[in-house]
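With chain A held as given, fit chain B onto it using these hints.
In order, the protein sequence lines correspond to chains A and B. Going by the working numbering, the first sequence opens with residue 1, and the numbers climb by one from there. Going by the working numbering, the second sequence opens with residue 1, and the numbers climb by one from there.
Worth double-checking, as some hints may not be accurate.
Claimed, not checked - Heads up, simulated BS3-like pairs for lysine-lysine below, C-alpha to C-alpha not over 30 Å straight-line:
| # | chain 1 | residue 1 | chain 2 | residue 2 |
| --- | --- | --- | --- | --- |
| 1 | A | K3 | A | K52 |
| 2 | A | K69 | A | K54 |
| 3 | A | K3 | B | K65 |
| 4 | B | K18 | A | K69 |
| 5 | B | K65 | B | K18 |
| 6 | A | K3 | B | K57 |
| 7 | B | K69 | B | K17 |
| 8 | B | K18 | B | K57 |
| 9 | B | K57 | B | K69 |
Unchecked claim - A few chain B positions that, by computed beta-carbon distances, are all more than 10 Å from chain A:
| # | residue |
| --- | --- |
| 10 | N7 |
| 11 | T20 |
| 12 | S33 |
| 13 | Q85 |
| 14 | Q109 |
Think of the hints as simulated: they come from the structure by calculation, not from any bench. Quantities reported herein were computed from a predicted structural model and do not represent experimental measurements. Backbone N, C-alpha and C fix where the C-beta goes; we use that ideal spot for every residue, glycine too.
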Amino acid sequence: LAKTTQPISMDSYEGQEVNITCSHNNIATNDYITWYQQFPSQGPRFIIQGYKTKVTNEVASLFIPADRKSSTLSLPRVSLSDTAVYYCLRSGSARQLTFGSGTQLTVLP
Amino acid sequence: EAQVTQNPRYLITVTGKKLTVTCSQNMNHEYMSWYRQDPGLGLRQIYYSMNVEVTDKGDVPEGYKVSRKEKRNFPLILESPSPNQTSLYFCASSLKESLLGTPPRTDTQYFGPGTRLTVL
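Extracted from the complex, chain B is given alone in its bound form:
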């Protein structure tokens, strides 16, 4: 089954304790990204990756790190979590846009089930 998986689904931690949220996709997608969702603020992009070893900042990258060593995995790292990083996190993936035609088509994103993080 084609899917994006995230682990853990729920996590309660304390300020300053490093954590990693894993994301994996089995669709051979080049593009992956992380979002956080907070009440009244909608979805905000944290980081995205166009391909292996290629990452870039989204709208709210402060306090987060990512890596893309393999095509299927895109972990989100919080080196020193703080309470303002309490949120619902989503990982997403998609095919790289086709360069055929004008303009290049943007492929749809597939989202994971979400990780609810609480930082005390």
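For reference, chain A alone in the conformation it holds in the complex:
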């Protein structure tokens, strides 16, 4: 099974940058790293995806070092509405996808 390890929870304050790290020591050559965000009682929503180095979009950045054994999701200047569970996912061509337990991010005023 494609397994990742993330912190169970993190707290932050509004306006701060938040970095959530995911460990994926056994990542396969074909695996991408994908991050999803989930609010209570809603389906997960795609945030960002990358293979190596750095990827940036309008909501986040994703840093993947050369060995690809870990990745870091960076959320700039979080707000209260960013309080959610964030999932790191290894996704390769096999399509049998395994979500980890996710990281509960709580943004405080």
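Frame of chain A, contents of chain B only:
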């Protein structure tokens, strides 16, 4: 509007009474899958389908059936529901990964709104 729809959104049933949760997507996606979500266990994949008439087991397929007769629909069938199948269920779809480039790109999944099932 591009979306994944599920029906029903809420269902309370009794042990052993067969039920079907429908899932439909209007994005012409080849890939569809079902997940269940339980407190403390995160999302676990039940079944997935790479295309019409092609289905395969995920992590927790026991007690579930699926079918993929049409590209847009991927129903989840519980032939004899039991209380341990009480859960929040999500359907998802995505484009089949592109085979261009190395490695093949994995396309992002679009999730439905969820179906909350209670089996008494």
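Report task. Hints the structure violates: just list their numbers, smallest first. Result -> Structure breaks hints 4, 12 and 14.
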